[in-house]
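*Asks:* Take a look at the letters that make up each chain.
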Amino acid sequence: MLKVKELHKSFGTLPVLKGINLEVEKGEVLVVIGPSGSGKSTLLRCLNGLEIPDSGEVYIGKEPLGGTVIAGSIVPKDRILNKQRAKIGMVFQRFNLFSHLTALENVMEGLITVKKLKRAEAKKIALKELEHVGLLDRADYYPAKLSGGQQQRVAIARSLAMQPDIMLFDEPTSALDPELVGDVLSVMKNLAREGMTMVVVTHEMGFAREVGTRVVFMDHGRILEEGKPEEVFYKPQNNRTKEFLNKILSA
Amino acid sequence: MDVRFMLKYLPVLAEGALMTVELTVISIVVGSLLGFVIALGALSRNVVLRSIAHFYTWAIRGTPLMLQLFFIYYGLPEVGITLSPFAAASIGMSINAAAYIAEIVRGAIQSIDKGQMEAARSIGMSYMQANFRIIIPQAIRRMIPPLGNEFIAMLKDSSLVATISMVDLMRSAQQMYSATFRPLEIFSAAALLYLLLTTIFTVTFGSIEARLAKMEA
Ligand SMILES: Nc1ncnc2c1ncn2[C@@H]1O[C@H](COP(=O)(O)OP(=O)(O)O)[C@@H](O)[C@H]1O
Ligand SMILES: [Mg+2]
Numbered sequence: 001m002l003k004v005k006e007l008h009k010s011f012g013t014l015p016v017l018k019g020i021n022l023e024v025e026k027g028e029v030l031v032v033i034g035p036s037g038s039g040k041s042t043l044l045r046c047l048n049g050l051e052i053p054d055s056g057e058v059y060i061g062k063e064p065l066g067g068t069v070i071a072g073s074i075v076p077k078d079r080i081l082n083k084q085r086a087k088i089g090m091v092f093q094r095f096n097l098f099s100h101l102t103a104l105e106n107v108m109e110g111l112i113t114v115k116k117l118k119r120a121e122a123k124k125i126a127l128k129e130l131e132h133v134g135l136l137d138r139a140d141y142y143p144a145k146l147s148g149g150q151q152q153r154v155a156i157a158r159s160l161a162m163q164p165d166i167m168l169f170d171e172p173t174s175a176l177d178p179e180l181v182g183d184v185l186s187v188m189k190n191l192a193r194e195g196m197t198m199v200v201v202t203h204e205m206g207f208a209r210e211v212g213t214r215v216v217f218m219d220h221g222r223i224l225e226e227g228k229p230e231e232v233f234y235k236p237q238n239n240r241t242k243e244f245l246n247k248i249l250s251a
Numbered sequence: 001m002d003v004r005f006m007l008k009y010l011p012v013l014a015e016g017a018l019m020t021v022e023l024t025v026i027s028i029v030v031g032s033l034l035g036f037v038i039a040l041g042a043l044s045r046n047v048v049l050r051s052i053a054h055f056y057t058w059a060i061r062g063t064p065l066m067l068q069l070f071f072i073y074y075g076l077p078e079v080g081i082t083l084s085p086f087a088a089a090s091i092g093m094s095i096n097a098a099a100y101i102a103e104i105v106r107g108a109i110q111s112i113d114k115g116q117m118e119a120a121r122s123i124g125m126s127y128m129q130a131n132f133r134i135i136i137p138q139a140i141r142r143m144i145p146p147l148g149n150e151f152i153a154m155l156k157d158s159s160l161v162a163t164i165s166m167v168d169l170m171r172s173a174q175q176m177y178s179a180t181f182r183p184l185e186i187f188s189a190a191a192l193l194y195l196l197l198t199t200i201f202t203v204t205f206g207s208i209e210a211r212l213a214k215m216e217a
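Residue numbers (the numbering used here), protein chains in the order written: chain H, 1 to 251; chain U, 1 to 217.
Be aware that a few hints might be false.
Claimed, not checked - Between beta-carbon pairs, the in silico distance windows are:
1. R119(H) with V29(U): 23 to 33 Å
2. F55(U) with R119(H): 24 to 34 Å
3. Y127(U) with E23(H): 46 to 56 Å
4. N238(H) with K214(U): 51 to 61 Å
5. P178(H) with V203(U): 40 to 50 Å
As the list claims (entries may be wrong) - A short list of chain U residues far from chain H (calculated; beta carbon distances all over 12 Å):
6. W58
7. I134
8. P146
9. L195
Just so you know, the hints here were simulated from the structure itself, not pulled from any lab data.
Note that beta-carbon positions come from the ideal geometry of N, C-alpha and C, so glycine has one too.
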């Protein structure tokens, strides 16, 4: 489903990803953990071409991200990337709902602009997706009038409406008040149970244990450990993983 | 000061006021269109477009409007382009306004959170689609207050066209003062008309702002 080979990315002189290799099977829920600044967001952003890696390859199914790979580097074509992005859902830490559109319009936007559906058809799909995340009754609210948890669920519906093959989540609950985290996680758990392929950056252990099929631990731009959730959480092999887990468990 | 005298001259000045409104509206429309294009140039990834846009705003904002009007009305005939006072005034004001409007538009677009563009791109929108469907509609809401101020400033600055023999409100007042030697009455009447116009602008923009504010927090 998703394959990453020798991904490198620097910002100026700062190397952020130093050779990431990764594979995600269809229906898998890969959980990415790691300290702040370790490159988790950058990795996700390279997976949908919001950032173009300096070198390395990304495959969505059999297709290389951006269309072509020359000498081990992605040479992106905008039109191909746009098409691929429509099939890769992305959920951001800070929701990023379109603030001038209602919840319903947020979900309809990609259907109309990208998929070129008729308004009526787009609306039907959008309402169904809002129902999917339990927010049918908030369809006509503007984002500013929604709680963080509700905004994030609308953002998930906005991605789902495009019928993505895979969904990327970048710390989807870390900007939320604790009492709102549960609603978002339960939507994500449902999604996992429905068979959605997901890559989730999160420190929510409960989520990782319940639906995660694999956990990778990232530090300083490298994947240091990888395994089943119970292995990584309870029997971490790498010292840095142990330190990190101690820190977040004591917090 | 004779208020009756003042009131008597109001209708005569109103004709000049109409010209002021006409000029201001033309330069708002043309200046906004041009300003928008220049702003997009300034934000473009193309270095040439960006340089042209920066040069334009630098040159226009760095010289007085009166000089620009003189240049167009008195200077251009030297190279065979002779314009009527109205044409020269409209062109000069539009060109001038465009530079200021471009800066307002650019600032508003740049103030939109980067996450909006990323979210738009990540559902598959092209850069253009994201700009026209997501970024610009949000930026327009932020432009309304500074544009309102700019349009009011334009209305008042339009009095400078009196210097290239355009008979606007200011020049009507000057002419009438020369004819009557009643400066207090004439200029008070002109001031009333300017205030009437700026107030209409302010109220109109205030209500647009209020309507948009309902949507966004
Ligand atoms: N656009 C950028 N420009 C410069 N530096 C960046 C940019 N994005 C991220 N970084 C840097 O890259 C490093 C990794 O960031 P990030 O991928 O956001 O880590 P994480 O998500 O694991 O916290 C950080 O040091 C961050 O400051
Ligand atoms: Mg991050």
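*Asks:* Does each hint fit the structure? Answer for all of them.
*Replies:* Hints, one by one, checked against the model:
no.: 1; hint: R119(H) with V29(U): 23 to 33 Å; result: holds, 31 Å
no.: 2; hint: F55(U) with R119(H): 24 to 34 Å; result: violated, 43 Å
no.: 3; hint: Y127(U) with E23(H): 46 to 56 Å; result: violated, 31 Å
no.: 4; hint: N238(H) with K214(U): 51 to 61 Å; result: holds, 54 Å
no.: 5; hint: P178(H) with V203(U): 40 to 50 Å; result: holds, 46 Å
no.: 6; hint: W58; result: holds, 29 Å
no.: 7; hint: I134; result: violated, 6 Å
no.: 8; hint: P146; result: holds, 18 Å
no.: 9; hint: L195; result: holds, 34 Å
The structure fails hints 2, 3 and 7 (numbered hints given earlier, in ascending order).
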